[in-house]
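Going down the list, the protein sequences come from chains A and B.
Here our numbering is used: the first residue of the first sequence is 183, the next is one more, and so on.
Here our numbering is used: the first residue of the second sequence is 1488, the next is one more, and so on.
If you are wondering where the hints come from, they were derived from the structure by calculation, not from laboratory data.
In this text the structure is predicted, and so the values were computed from the model without any measurement.
Note that the Cβ used here is the ideal one computed from N, Cα and C, for glycine as well.
Wrong hints could be hidden among the right ones.
[To be verified] Calculated Cβ distances over 10 Å to all of chain A for the following chain B residues:
1. His1562
2. Gln1568
3. Phe1573
4. Gly1574
5. Arg1587
6. Asp1626
7. Arg1631
8. Ala1634
9. Pro1636
10. Val1653
11. Lys1736
12. Ala1789
[Said to hold, decoys possible] Quick list of simulated restraints, FRET-style, between CB atoms:
13. Arg211/A / Asp1620/B: 37 to 47 Å
14. Trp242/A / Glu1498/B: 47 to 57 Å
15. Gly1490/B / Arg266/A: 22 to 32 Å
16. Asp279/A / Asp1794/B: 27 to 37 Å
17. Pro204/A / Arg1796/B: 52 to 62 Å
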Amino acid sequence: MEVEHAEHWQRPLPAPDAAAAPFWQAAARGELIFQQCRRCGHRQHYPRALCTACGGDPAWQTASGRGRIHTFTVIRQYGGKPFRDELPYVVAIVELDEGVRMMGNVTGCDVAQVQIGMAVEAYAIVAAEGVGVPFWRPAAIAADGGRRATQTR
Amino acid sequence: MAGDDPVRMAEYLGIDHRFIDGTMVGGSSFEFHVQHAAAAIREGLCDTVLISYGSDYLSRMGRTLGTGGFRRSHHVDGPDQFDAPFGNSLVGAYAMVAQRHMHAFGTRPEQLAEIAVGVREFAALNPDAMYRDPLTVDDVLASRMIADPLHKLDCCVISDGGGAVVLTTAERARDLDVPPVYVLGAAGAQTHWGISQMPDFTRSAAARCGPEAFARAGLRPDDVDTLQLYDSFTITVLVLLEDLGFCDKGQGGAFVADGHLRRGGRLPLNTDGGGLSACHPGMRGIFLLIEAVRQLRGRAGAAQVPDARVALACGSGGWLSAIGTVLLGREHP
C-alpha cells in the first residue's frame, strides 16, 4: 500500500506491545499484515500473543490491502481534538479480502457515497517512527481488467 | 457497585461484608451482580446483599460521554490502540450496529424512532424523568444526526442518578413490610468488548444469556408482562428484543412498529421513561431492576402494567458487548 508521512500527527498514537509492534512497523513500510495460526490456520486481528481459536502460535501474513466495508458510521459530532475539526468523517469496519476485519477511516470520497459492501483499498500514514496507521479509500480500479469496483449510489 | 467502588463503600459505611463483588462490565454490571448475589445467597456465603450505584456524570462531565469526551490520553495501548486513532465515538459504535441491521434486514429509521416515542410516553408519567414532553416519530427523524443512522433522539440522555437493590433470602423477605420480588433466573454473557471485535453486528450476547435465564426460570418470552431493556440507543432495544426471543432476528423493526412496547401494549417497555427520556448517569442497569421491582409490587403509579407478574430486565454493557438478563417474578418459584 502507498505510504504517506504525517506532518503533525495529533490523533491518539498506538503504544505497541510485543504482539502489536510488527503490525504498525509493517504498515510504516507499506505492508498490511495480519495473524494466522501456525497450528489451526485461524486468522485474527487485532494481533495477540496466541490464537483465539486453539491457543497456538500466530504467524504473520501479508494482506492484499483490499477489502469491503462491512459496516460504518458517519461521525457528525465529536468533542475532542483533533477529530472535532475533521467532522463529518467515516469510521468503518473493513473486512479484508483475507477475511479479517479492522476499524479504519474511509477517505477520498464524499461521506454520502460510502455504503456497506463498497470496495476499498488501504494506504498508510506514518504517525511516528515505526508506526504506520492504515487508512482506506474507495478502490478506484479493480485488478480484473479495469472494472470499476467502487459502488456509488 | 462496580470496579473498586464496593471496597470503598464498605469502608465508608463500616460494613463487615462476608461477600463482595465488584464485577465491572459497563452498564449491565448490576444484572451480573444480581446473578452473583443470588448464587452467593443460595450457596450460604451470605444472607443479604446490597447492590448500589451512584453517579454525578452530568454535573462532573457534561453531555460528553457519547461523543468522545471520555478519551483522554494521547498514547493508547492494549486492544484499543487499533481503534483509537480513528475517532469513533460511543454513539458511533452503536451506529455501526444500526447500519448493519438496516442493511441486513431493511430496518427503517422510523421503526427505531418508534422506540423513543413509546418510552417518552412513559416518561411523561414520571415526575423525575428528565424529558417529559410528547415526542413524535417525525421529531426523532428531524433531530440532528450524531452518527449515521442515529439521530440525537435515538440516543439516551446524560444525567446524574443513583439507586440500590437489596437481595436476601426468601425466608427473610417474608418478614418485611414490602411485597417480596423473586429472582427467577439470571444469566450473563459476552461476545466482544471493543466494537471492532463484534462477531455479528446484528446479534448480541443476549442470544445466549437470554435463553439461559429463561431456562433457569422455566419460563418463555410469552410469560413476560413488562420489559426493562437497556435503551442506551434505540438500536440497543431492537437487538435485545430479537436476541431475547420476543421476535425473530430481523423482525424487530416490524415488531416495534406494531406498538407492542407502548403503554397499553402487551409488552410495555421501560415504564419509568428509560434512558432515552428519564435518566442515564453512565451505567443504567440498576434502574432496570428497580423499575421491574416497582412493577411487580404494583407500585408503578400511572405507569403500572395491569397484573404484572413477570418482568425481564436486560442490561447491555460496553457496545452491546456484555449482556446480563434477569427474570423477576411476584410469586415464589
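Against the structure, the hints come out as follows:
The Cβ of His1562/B sits about 4 Å from the closest Cβ of chain A, inside the 10 Å cut-off, so the non-interface label is violated. With a least CB separation of 4 Å from chain A, Gln1568/B falls inside the 10 Å interface cut-off, contrary to its annotation. At the 10 Å boundary, the C-beta of Phe1573/B falls inside the reach of chain A, the nearest C-beta of that chain being 5 Å off. Gly1574/B, annotated as away from the interface, has a beta carbon of chain A within 10 Å; the closest lies near 4 Å.
Here Arg1587/B does not stay apart from chain A, with its beta-carbon only about 4 Å from theirs, under the 10 Å limit. The Cβ of Asp1626/B sits about 18 Å from the closest Cβ of chain A, beyond the 10 Å cut-off, so the non-interface label holds. Distance check for Arg1631/B against chain A: the nearest CB is about 7 Å away, which does not clear 10 Å, and the non-interface claim fails. At the 10 Å boundary, the C-beta of Ala1634/B falls inside the reach of chain A, the nearest C-beta of that chain being 5 Å off.
At the 10 Å boundary, the C-beta of Pro1636/B falls inside the reach of chain A, the nearest C-beta of that chain being 8 Å off. The claim that Val1653/B is not at the interface with chain A holds, since no C-beta of that chain comes within 10 Å of its own (minimum 38 Å). Separation of Lys1736/B from chain A is adequate, the least Cβ-Cβ distance of about 16 Å exceeding the 10 Å criterion. Under the 10 Å C-beta cut-off, the non-interface status given to Ala1789/B relative to chain A holds; the minimum distance is some 35 Å.
Our hint of 37 to 47 Å for Arg211/A and Asp1620/B is violated, since their Cβ atoms are close to 57 Å apart. In this structure the hint that Trp242/A and Glu1498/B lie 47 to 57 Å apart at CB holds, the actual value being about 49 Å. Between Gly1490/B and Arg266/A, the C-beta spacing of about 29 Å keeps the proposed range 22 to 32 Å intact. Between Asp279/A and Asp1794/B the C-beta distance comes to about 56 Å, which lies outside the given range of 27 to 37 Å.
In this structure, Pro204/A and Arg1796/B meet the distance hint of 52 to 62 Å, their C-beta atoms being roughly 58 Å apart.
Consistency note: the structure conflicts with the earlier hints numbered 1, 2, 3, 4, 5, 7, 8, 9, 13 and 16.
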